[in-house]
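Protein chains: 2
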Amino acid sequence: MRITALAGGVGGARFLRGLRAHLDSLDGGPHELTVIANTGDDITLSGLRVCPDVDTLLYTLGGGANEAQGWGRAEETFTVQGELTAYGVGPDWFGLGDKDFGTHIARNYWRGQGLSYSQIIERLAARWGLPEQHVRLLPMTDEPVETHVIVDRDGEQEAIHFQHWWVKERAAIPAQRFVVAGLDRANPAPGVLEAIRTADLIVLPPSNPVVSIGIVLLVPGVRDALRGTTAPVVGVSPIVGGGPVRGHADACLAALDVEVSPQGVASLYADFLDGWLVAPGEGATAEGATAEGAGGYPRDLVVQEAPLLMSSPEAATAMAAATLRLAEAVRR
Amino acid sequence: MRITALAGGVGGARFLRGLRAHLDSLDGGPHELTVIANTGDDITLSGLRVCPDVDTLLYTLGGGANEAQGWGRAEETFTVQGELTAYGVGPDWFGLGDKDFGTHIARNYWRGQGLSYSQIIERLAARWGLPEQHVRLLPMTDEPVETHVIVDRDGEQEAIHFQHWWVKERAAIPAQRFVVAGLDRANPAPGVLEAIRTADLIVLPPSNPVVSIGIVLLVPGVRDALRGTTAPVVGVSPIVGGGPVRGHADACLAALDVEVSPQGVASLYADFLDGWLVAPGEGATAEGATAEGAGGYPRDLVVQEAPLLMSSPEAATAMAAATLRLAEAVRR
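In the order they appear, the protein sequences are chains A and B.
The opening position of the first sequence corresponds to residue 1 in our numbering, with each subsequent residue numbered one higher.
The opening position of the second sequence corresponds to residue 1001 in our numbering, with each subsequent residue numbered one higher.
By construction, these hints were calculated from the structure, which means they are not laboratory data.
Here the structure is a predicted model, which is why all the values come from computation and not from measurement.
Even for Gly, the Cβ is constructed at its ideal location relative to N, Cα and C.
Do not take every clue at face value.
Stated by the list, open to error - So the derived label-pair ranges between C-beta atoms look like this:
| no. | chain 1 | residue 1 | chain 2 | residue 2 | range |
| --- | --- | --- | --- | --- | --- |
| 1 | B | K1168 | A | A126 | 21 to 29 Å |
| 2 | A | D200 | B | E1156 | 50 to 58 Å |
| 3 | A | S118 | B | G1082 | 20 to 28 Å |
| 4 | A | A126 | B | E1156 | 30 to 38 Å |
To be verified - Heads up, incomplete: computed chain A residues facing chain B, CB under 7 Å, no partners named:
| no. | residue |
| --- | --- |
| 5 | S46 |
| 6 | G47 |
| 7 | E83 |
| 8 | V89 |
| 9 | I105 |
| 10 | A106 |
| 11 | N108 |
| 12 | N187 |
Given the sequences, and given the hints that come with them, work out the whole structure.
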């Protein structure tokens, strides 16, 4: 089986680690997993290009992530950052550990050699053992792009980098909209459209629907490929109990005037989504309800329920298993 | 008093720290010290520009050096280097610690902003408190230059980077000659020639006469400025007891067919050197001997003796004091 997933950072990475574990338990393997990562949250810090979602996917799938915080490396130290602060370089609101700096210096070195993001990720992934896991990690595009958030400051519209808004401001300033600098002239990275067109199944992990998966969907050709692929597309709601499981998806949805609910998120994917996994009690009533668009879900969407809190790797594996059961219930 | 020094790395830095301490003990201060640093041993490692002599001067004068090894930072860790090795990036023969990486990342960041080496060193020096010490650190040139060593490999002449020869090969491969890539079109950095022309005294610390001070002397205009300045030029021999106090000056002198002796080194500076401090027993016989060029020293060179082993900061301070006493005995 060949599965292709679109993903952002922590939530996507944890879900995909569970999916990888579940796939390994299935017969007929090895099953192949291709992950198309959001690169809109990339940022240049202290002169080094940092790709938070890509790195979170690498570290999580490779077994090197800080499990408590979800991003960054386990057992980190912060010597380099301390020196940069002493030199007055770099923002103090984005914490990069020493191990993490190793990744960014390696990326910077390879960029200087003229390698593309795709080629760089391939090298990083080799160290993290992704090929041996039958995981292929692709950036959504090889072009450098950056998501910016339009906010109102004293009556003036201002664009601030997504990370500034997300990390420094904790999304507390209302976002008016999101713009992705460079995306209009960006091409999908090599293999991205093919991975969507030739997959047996497309999966949307519970990543942020606006600033993670929503950005991948803006890459020219990606949304059309999802509409046109013969593979079923199933997703997992990132909204549980009226709010995001993690992060600030509520603030992102508010900017789009979309309801903070599994229904609201499903509406963003309505043109290509076939199956939708939601938390217990948040689906429509039992069988057939969705055939009429009941429960506020798009018509013809197959909705199933499962526990959606990834409180442990095992919980994530169970969620992935529920996602594959849902996939069996949908047809294109 | 305004003193200008030409300097390489460890030996120069330790001597200049002693000179700074001695100057602070003199009346009539603050006395100003300008240091013109060799940048020929600069190298790009893992995509980051590393300036070993400049950084050794910064760390030593700023109180952050690893005193045992002379270069690098005190109490270092090597997390970043370990990550780079895991990614297969960077040579394994040049050890960079995490604190040191902070300096290189800051330099890389400022280079990306378009700052010159001079401007970058000024910012680094601010963190290390050099302005408060009345020390001005200048690169010999703002152009990127690199000393290469011509060696014979299986009958073929090959140019290898100075650091490769010095650190990896430990200067064990015979050097045929040294070439400095980029130096023919290099200009002295702002302030370099002025610092030589307007000083009250020029000092040559016991730095390597070939690959440290010798490289500074190759910067267009520097040697002429030393010949033409009204300030006396006094130096300290890096050769004691027939060999270098530290490093591989013997291998460097051999490439130039110059005797490994205080006399041999003095001959390299003969056209501008006025006073020469050598180890006890290595000068000419008592008074007047040098007036006739006795003892193998250039004619008219004033030679004095003093202990030249910088076994402690106090020993370096005493050497610096002896250097200033020597300066009082010479006239231009």
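Results for each hint:
Hint check: K1168/B to A126/A, Cβ distance near 26 Å, so the stated range 21 to 29 Å holds. Take D200/A and E1156/B: their Cβ atoms lie about 57 Å apart, and the range 50 to 58 Å holds. A C-beta distance of roughly 26 Å is found between S118/A and G1082/B, which places it inside the suggested range of 20 to 28 Å. About 35 Å separates the C-beta atoms of A126/A and E1156/B, a value consistent with the hinted range of 30 to 38 Å.
For S46/A, the suggested interface contact is upheld, since its CB lies about 5 Å from the closest CB of chain B, less than 7 Å. A distance limit of 7 Å between C-beta atoms decides the matter here; for G47/A the minimum to chain B is near 3 Å, and the interface restraint holds. Nearest Cβ of chain B to the Cβ of E83/A: about 2 Å, under the 7 Å cut. The hint holds. Annotation: V89/A was flagged as interfacial toward chain B, and the flag holds, the nearest CB pair being 5 Å apart, inside 7 Å.
Interface hint at I105/A: satisfied, since its Cβ lies 5 Å from the closest Cβ of chain B, which is below the 7 Å cut-off. At about 4 Å, the closest approach between the beta carbon of A106/A and any beta carbon in chain B falls short of 7 Å, and the interface hint on this residue holds. Given the 7 Å rule on beta carbons, the hint for N108/A holds: about 5 Å separates it from the nearest Cβ of chain B. At its closest, the beta carbon of N187/A sits 26 Å from a beta carbon of chain B; the interface hint therefore is violated under the 7 Å criterion.
The structure does not agree with numbered hint 12 stated previously, though it agrees with all others.
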